[in-house]
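There are 4 protein chains.
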Amino acid sequence: MKTDPTTAPAVRKVRRAVAELHGELVRNGLVAWTSGNISARVPGTDLMVIKPSGVPYPELTAESMVICDLSGARVGGVLNPSSDTASHAYIYRHMPEVGGVVHTHSRHATAWAARGEPIPCVLTAIADEFGGEIPVGPFAPIGGEEVGRAVVSTLSGHRSPAVLLRAHGVFTVGPTPRAAVQAAVMCEDVACTVGLAALHGRLASLPQDQIDALYRRYQTDYGQR
Amino acid sequence: MKTDPTTAPAVRKVRRAVAELHGELVRNGLVAWTSGNISARVPGTDLMVIKPSGVPYPELTAESMVICDLSGARVGGVLNPSSDTASHAYIYRHMPEVGGVVHTHSRHATAWAARGEPIPCVLTAIADEFGGEIPVGPFAPIGGEEVGRAVVSTLSGHRSPAVLLRAHGVFTVGPTPRAAVQAAVMCEDVACTVGLAALHGRLASLPQDQIDALYRRYQTDYGQR
Amino acid sequence: MKTDPTTAPAVRKVRRAVAELHGELVRNGLVAWTSGNISARVPGTDLMVIKPSGVPYPELTAESMVICDLSGARVGGVLNPSSDTASHAYIYRHMPEVGGVVHTHSRHATAWAARGEPIPCVLTAIADEFGGEIPVGPFAPIGGEEVGRAVVSTLSGHRSPAVLLRAHGVFTVGPTPRAAVQAAVMCEDVACTVGLAALHGRLASLPQDQIDALYRRYQTDYGQR
Amino acid sequence: MKTDPTTAPAVRKVRRAVAELHGELVRNGLVAWTSGNISARVPGTDLMVIKPSGVPYPELTAESMVICDLSGARVGGVLNPSSDTASHAYIYRHMPEVGGVVHTHSRHATAWAARGEPIPCVLTAIADEFGGEIPVGPFAPIGGEEVGRAVVSTLSGHRSPAVLLRAHGVFTVGPTPRAAVQAAVMCEDVACTVGLAALHGRLASLPQDQIDALYRRYQTDYGQR
Chain A
-18 MKTDPTTAPA VRKVRRAVAE LHGELVRNGL VAWTSGNISA RVPGTDLMVI KPSGVPYPEL
42 TAESMVICDL SGARVGGVLN PSSDTASHAY IYRHMPEVGG VVHTHSRHAT AWAARGEPIP
102 CVLTAIADEF GGEIPVGPFA PIGGEEVGRA VVSTLSGHRS PAVLLRAHGV FTVGPTPRAA
162 VQAAVMCEDV ACTVGLAALH GRLASLPQDQ IDALYRRYQT DYGQR
Chain B
-18 MKTDPTTAPA VRKVRRAVAE LHGELVRNGL VAWTSGNISA RVPGTDLMVI KPSGVPYPEL
42 TAESMVICDL SGARVGGVLN PSSDTASHAY IYRHMPEVGG VVHTHSRHAT AWAARGEPIP
102 CVLTAIADEF GGEIPVGPFA PIGGEEVGRA VVSTLSGHRS PAVLLRAHGV FTVGPTPRAA
162 VQAAVMCEDV ACTVGLAALH GRLASLPQDQ IDALYRRYQT DYGQR
Chain C
-18 MKTDPTTAPA VRKVRRAVAE LHGELVRNGL VAWTSGNISA RVPGTDLMVI KPSGVPYPEL
42 TAESMVICDL SGARVGGVLN PSSDTASHAY IYRHMPEVGG VVHTHSRHAT AWAARGEPIP
102 CVLTAIADEF GGEIPVGPFA PIGGEEVGRA VVSTLSGHRS PAVLLRAHGV FTVGPTPRAA
162 VQAAVMCEDV ACTVGLAALH GRLASLPQDQ IDALYRRYQT DYGQR
Chain D
-18 MKTDPTTAPA VRKVRRAVAE LHGELVRNGL VAWTSGNISA RVPGTDLMVI KPSGVPYPEL
42 TAESMVICDL SGARVGGVLN PSSDTASHAY IYRHMPEVGG VVHTHSRHAT AWAARGEPIP
102 CVLTAIADEF GGEIPVGPFA PIGGEEVGRA VVSTLSGHRS PAVLLRAHGV FTVGPTPRAA
162 VQAAVMCEDV ACTVGLAALH GRLASLPQDQ IDALYRRYQT DYGQR
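Order-wise, the sequence lines are chains A, B, C and D.
Its first residue numbered -18, the first sequence is counted upward by one per residue in this note's numbering.
Its first residue numbered -18, the second sequence is counted upward by one per residue in this note's numbering.
Its first residue numbered -18, the third sequence is counted upward by one per residue in this note's numbering.
Its first residue numbered -18, the fourth sequence is counted upward by one per residue in this note's numbering.
Note that these hints are calculated values from the structure, not bench results.
Treat the hints with care, since some could be wrong.
Since the list gives no way to pick out one identical chain from another, each pair is judged satisfied if it fits inside one copy or across any two copies.
As the list claims (entries may be wrong) - When the alpha-carbon atoms are kept at most 25 Å apart in a straight line, the in silico SDA-like pairs for lysine to any residue are as follows:
| no. | residue 1 | residue 2 |
| --- | --- | --- |
| 1 | -6 | 40 |
| 2 | -6 | 186 |
| 3 | -6 | 116 |
| 4 | -6 | 39 |
| 5 | -6 | 37 |
| 6 | -6 | 38 |
| 7 | -6 | 130 |
| 8 | -6 | 189 |
| 9 | -6 | 191 |
Here chain A stands alone, though its shape is the one from the complex (with noise of 0.2 Å):
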C-alpha cells in the first residue's frame, strides 16, 4: 500500500503557512480583490502549495491550498491552483535554492514595471534588502510558465530578490515564502519612496563599493540568528 503524499504532515504544515501567509498580502496593502499569490516549496519534496485561482482573501484556508508538482500538475487540493501555477514550478525547477514565490500588482512596484523602468539603488534599504536595483524582465503572456522563464532570467546576474515584470506586476523569491513576502513588502514600500523621490527629477545610485558593504552587512549581521 502506498501513502499518499499529499497528506504527510509536513505538507499540511506548509499549506497552513502559506495560508497564512496570505494576510500578509492584504494588512502590508499590495492587493486587490483576488489578485496576488504565494507559493512554497514543501521541503525535501517535488511538491509545492499554491494559491487556489480567484478566491478572496478572506476565505482562504489551509484546506483551499492547493498541492501541485513541479510541472504544474494539482496532485492534492480540491479548487483549481493559481493561473500563475505554471510559471511558479518553472522557478522552483530552475531555482534549487528557492523555497517560496509571491506574485503581485502592489501599485508602486506596479507603476515602474508599467514604465519598464527598474528601480534605482538609491537608498541603504535597497541596498540592504536588494543588493543592487530591482531589475525589470520582459513582458510575458500568462497561463503557462513564460512569466517564471521572464523571472529566472532576469533574475540570474542579479542579487535581487525581486523582479519588475513590464506591464504586468512584481514577482519575490526567498529560501521561505515569509523572505519572499518580506521582499514583496520592501519593494512596494522602496518602489513608493523612490517613485516619490523621481518626481523632481532623476537620482544617482550609490556607489557600487557603499551598495555591497550594505549588503553584505544586512545579509550576515542583521536580526537574530
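The hints should help you fit chains B, C and D onto chain A, whose structure is shown.
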C-alpha cells in the same frame, strides 16, 4: 388577494446582499462619507434594490435598502432612494445582461475622469479585467437618467465593465452586483498604478493581440468554475 | 441660587457629541498626532464646546471637552482649550448660522493651502458640496482670533463651507458640527482627486449654470428629509 | 553583593514604554516589515533600552527589548540589539538633553532624504514642531556610530528634532521617547503635504519672524502643562 412582490424571499435576499456589499466599498477605500452606491436587479423581475440617499455606510442595513421598479419609482422600503436611481434604472432597462451597478468617486479613477482621459490598456490587469482601455463618457447632470444614458452609450462598443464619467466619477456594471464591485475595485487599483506611471511620460498600450489573449484567458480560465 | 449653565443637560449632550465626532477625523485620516480640532455651539446659548489642547485622540472623552463662552474664555471643564479657541469663538460670533467648526491639516487640502491655490470646481462632487471653488484665505498667526477673522472674511461671498488657510490648513463650518466634519472629509477627498488630476495640466471649471444646478439639487433633494 | 542595574524597576518601566511606543510607528504607517526602531535613555543612568534587530513589530514585548550601555554594548536582554544601536548610543552621549530617539524609513520623508533636500518651512505645522526647515544630514554607512555622528552634527545649529539622512531615512530625538515619536509622525505628515505641494513648483518659506512666533507659542502655550 395579491401578494406584495417586494416582500418575496428573493427580494429580501437581494436587499441583504446589497447592504453587505456596500461594506466592500468602504473596506476597499472607494468612498468618502455617504458618496457612492450599489444597486442590484432582482433576478427574474422588473425590480431593483438600491442604497438610500445620503445614509452613512455604517448605518446601512438590509431594511434600509430601497426597492424600485425599473422606471426608478420606489415600490418598497421607507427611505428615499439614491439620487442616482433613475440612472441605475436606465442601465437595467437598456442592458438586460446587467445584474448589478456600482457608482463611486474613487480618487484615482476620478482623477482620470476629471481630465476626461481614458485609462490606457498598459497592464495585464487592465486587459484581464476590462479587455481594453477604460473609456470616458460625457458629462451628464445628476438626478435624472442622463447619467445612465451616458453610461450605456459609452459602454456599448467596449468590453469594459467600467466607465469614467467626465468631471464626475466611475460607474461599473456586472452580471451580479459583486462582479460590478470587483470592477470598481480593480478600476481604482489600475487608475492608481497607471496614474503613477504616467507621471513620468506617456505609456504605450499593449498590442491588441496580447490584450485579446489576456482577456480571453481571464474570462474563461481564471477562478473556480 | 444661580444654576451653573455649563452642567445643563444640553451642554453635556454637546460635549458627548463633539468628543465622538473627533473619532471621524481619525477614521477619515484627516489628522496626525494631536493636530486638528472640532467645536460646537451649544444651541440657544452663548457657549461653545471645544477640544482640549494637545490631547491625543484616543484619550478624548466628553469630560475632557472644554466649555468656553464666545469670547473664547473657559467657563467649564478642567483642561486648557485648543489654541484655536479664540478663532472658533470669532467664527460663532460673526456667523450666527454656524453650529460647528472643524480645523485640520489634512494632507491633500493643506498641499493646496501651501501653494495658496483654491481648489477649482472641476467635479460634480465639488459643485454639490461646496457650490463652487474652495477658496483660499490669507495667512494668519495662530493663537488669537486672526485665523477666525481670515475664515469669516474669506467665506463671505462664497457658498463653500470650507476654506484653505494659506500655509496652514483647512477650516470648515456647518449648521451642525457633523455637517462641518462632512465638509472637512469631502474637502480632503476632492483635494486629493483634483490634485492628482492637476499633475497632468490645468483643468477647466464646470460651467456656472451646471454648478448652480448641481448645488441646488444636492442641497435640496439629496439625503433623507 | 552587587545588584544588577538592568533589573531595576526603572529599567523595566522603560522597556515596557519602549515596547508599546513601537505600536505607534505601525499605527501611524511609518514602518514596513521590521524596519525602524525606537530607543530610550533610562533616566539618571548610563543605560538605554532599544528594539531588538529584525524582530516583527507584532512580536515586540517588554522582555524582548534590549538594554545597552552608552557605548552600545548589550548589558541586558537576550536578543541582538538594533543594528543602529551604536548610533543611538552616540546620540545619547553627545546630546544629554535627549531622552528618546526614533529611526524610520517613512516614505514621504525618505523621498526628501533620497533627493538630499531639506523640507522647507512653508507650513505653520513645520514652524510649530520643527522651528524651521527639516535639515538633511550626510550619507553615512550603517552598523557603526557614523549615522549617530551625522545626526548630532546636523541637528546642532537647528531647532528641529528631526533630521533627514541622505539616501537613508529619518532620525528624530526628543526629551522623551514619546516626543521623538511625535516628531517622527509630524515629519512624515509634513513631508507628504509639502511633497504634494512642491509638485507644482517651488514654495516660499514663511518669514523668519513668523516662524519664530509660531515656534515660541507652540513650545510654550500648546497642550496641557
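ask   = Between the shortest in-copy and the shortest cross-copy C-alpha distance, which are at most 25 Å for residue -6 and residue 39: within, between, both, or neither?
value = both (19 Å within a copy, 22 Å between copies)
request  = First find the shortest C-alpha distance between residue -6 and residue 189 inside one copy, then the shortest across copies, and answer within, between, both or neither for a cut-off of 25 Å.
outcome  = Answer is neither; intra-copy 41 Å and inter-copy 44 Å both fail.
request  = With 25 Å as the alpha-carbon cut-off, assign the pair residue -6 and residue 130 to within, between, both or neither.
outcome  = neither (28 Å within a copy, 47 Å between copies)
inquiry  = I want to check one pair: residue -6 and residue 37. Are their C-alpha atoms no more than 25 Å apart within a copy, between two copies, both, or neither?
reply    = both (21 Å within a copy, 21 Å between copies)
inquiry  = Within, between, both or neither: how does the pair residue -6, residue 116 come out at a Cα-Cα threshold of 25 Å?
reply    = Neither: 33 Å inside a chain and 46 Å across chains, both beyond 25 Å.
task = Have a look at residue -6 and residue 191 and pick one of within, between, both or neither, based on CA distance no larger than 25 Å.
result = Neither: 40 Å inside a copy, 39 Å across copies.
request  = Pop the pair residue -6 and residue 186 into one bin, within, between, both or neither, using alpha-carbon distances up to 25 Å.
outcome  = Classified as neither; 42 Å inside a copy, 43 Å across copies.
query = 25 Å Cα cut-off: does residue -6 pair with residue 38 within a copy, between copies, both or neither?
reply = both (19 Å within a copy, 24 Å between copies)
query = For residue -6 vs residue 40, is the C-alpha pair at or below 25 Å within one copy, between two copies, both, or neither?
reply = both (18 Å within a copy, 21 Å between copies)
Comparing the model with each earlier hint shows violations of hints 2, 3, 7, 8 and 9; every other hint is respected.
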